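**Q** Under my numbering, the letters of the sequence shown match residues 1165 to 1471, in that order.
The hints are simulated quantities; they were obtained by calculation from the structure and are not laboratory data.
From a predicted model like this one, the values you see are computed outputs, not experimental measurements.
Backbone N, C-alpha and C define an ideal beta-carbon position, used for all residues, glycine too.
Careful: at least some of the hints might be erroneous.
Estimated spans, in silico, between C-beta atoms of each pair [to be verified]: (1) A1221 x R1356: 30 to 40 angstroms; (2) K1233 x D1323: 39 to 49 angstroms; (3) K1209 x E1437: 11 to 21 angstroms; (4) T1381 x V1466: 18 to 28 angstroms; (5) A1235 x D1323: 47 to 57 angstroms; (6) G1436 x V1466: 14 to 24 angstroms; (7) A1448 x K1209: 14 to 24 angstroms; (8) P1313 x S1463: 55 to 65 angstroms.
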Amino acid sequence: MTKLRLAFLGTPMFAVPTLNALVAAGHDVAAVYSQPPRPAGRGHKLQPSPVQMAAEAHGIAVRMPVSLKGAEEQAAFRALGLDAAVVVAYGLLLPKAVLEAPRLGCFNLHASLLPRWRGAAPIHRAVMAGDSETGVMVMRMEEGLDTGPVLATWRTAIDDATTTGQLQEILARQGAALMVETLRTLATGAAREVPQGNDGVSYAKKIVADEAKIDWTKPARAVLRHIHGLNPAPGAWTTLGDARLKILRVSLAEGRGAPGTIVGTPLTVACGEGALAIEVLQRAGRGAQSAAEFLRGFSLPVGSVLG
1165 MTKLRLAFLG
1175 TPMFAVPTLN
1185 ALVAAGHDVA
1195 AVYSQPPRPA
1205 GRGHKLQPSP
1215 VQMAAEAHGI
1225 AVRMPVSLKG
1235 AEEQAAFRAL
1245 GLDAAVVVAY
1255 GLLLPKAVLE
1265 APRLGCFNLH
1275 ASLLPRWRGA
1285 APIHRAVMAG
1295 DSETGVMVMR
1305 MEEGLDTGPV
1315 LATWRTAIDD
1325 ATTTGQLQEI
1335 LARQGAALMV
1345 ETLRTLATGA
1355 AREVPQGNDG
1365 VSYAKKIVAD
1375 EAKIDWTKPA
1385 RAVLRHIHGL
1395 NPAPGAWTTL
1405 GDARLKILRV
1415 SLAEGRGAPG
1425 TIVGTPLTVA
1435 CGEGALAIEV
1445 LQRAGRGAQS
1455 AAEFLRGFSL
1465 PVGSVLG
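With the hints as extra help, turn the sequences into a complete structure.
**A** Right, here's the structure in full:
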């Protein structure tokens, strides 16, 4: 039997392609678990998660417990009679009773080349750290944080033009296909699990607001990777006087000067070593603009200093 009875646990848009692929492959998705709606937008109205909306479009029941630690929630999960559970960026830790409930186990799609970047923000951290490659892995879940054996891997390169947003789209799409193929091997008994090594372990801690401010004293390539790693969210930012500017895309450029100083046109900024050309930026309350579009409505001459 290659069609499995599954639960799907996920929350953000990154998880939606995998849910859609499981449904398209003909698996019986008995229930979807997702984080409860959160306030969003200017009106702070409750907004269902992308996974909740996708599940409801498929006609699948959505469960939104605030925790899976309680006996009642664990009993409800066991009662689903699952072959396996698929987890993609769910946001809650799964206790042992949940991990052991499905016949074949629980399987996580993780967006890094484990054991590098275990944890909450692996795509952001890979770009920000200057990594040359990343990927997605399907891992059998254990009680430890992203420590389980790996069943499948897909790799891709990262270069200086790559943003977190671009990688998220690529890895979500490729990860969905990888999960479907992994479930096929599990169903047919052909799956092979490889334990993670102990070398190269690192942790991708959650991105916090204080990290988003640009430090122009760092070398240009480090600043570039910081900016692209935070694109599209939360967005790296700098200041011009009292105004805050989000910098979304840059490229390496020629130029020297005091860090943060505009040293060339249209918007070339000196760093601690080298310089960057700002290509896309955003003022508060405005949409993203190219440097040329921005300068048509905002004066930022050579010699101006970004802080």
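**Q** Hint by hint, note whether the structure agrees.
**A** To see whether the hints hold, each was checked on the structure:
1. A1221 x R1356: 30 to 40 angstroms: With Cβ atoms ~35 angstroms apart, the hint holds.
2. K1233 x D1323: 39 to 49 angstroms: Hint holds: Cβ distance 42 angstroms, inside 39 to 49 angstroms.
3. K1209 x E1437: 11 to 21 angstroms: violated, 46 angstroms
4. T1381 x V1466: 18 to 28 angstroms: Cβ of T1381 to Cβ of V1466: about 20 angstroms, so the range 18 to 28 angstroms holds.
5. A1235 x D1323: 47 to 57 angstroms: Taking Cβ atoms as reference, A1235 and D1323 lie about 50 angstroms apart, which means the hint holds.
6. G1436 x V1466: 14 to 24 angstroms: Holds, since G1436 and V1466 (Cβ atoms, about 19 angstroms apart) stay within the stated range.
7. A1448 x K1209: 14 to 24 angstroms: holds, 21 angstroms
8. P1313 x S1463: 55 to 65 angstroms: holds, 58 angstroms
In the structure shown, a violation is registered for the earlier hint numbered 3 alone.
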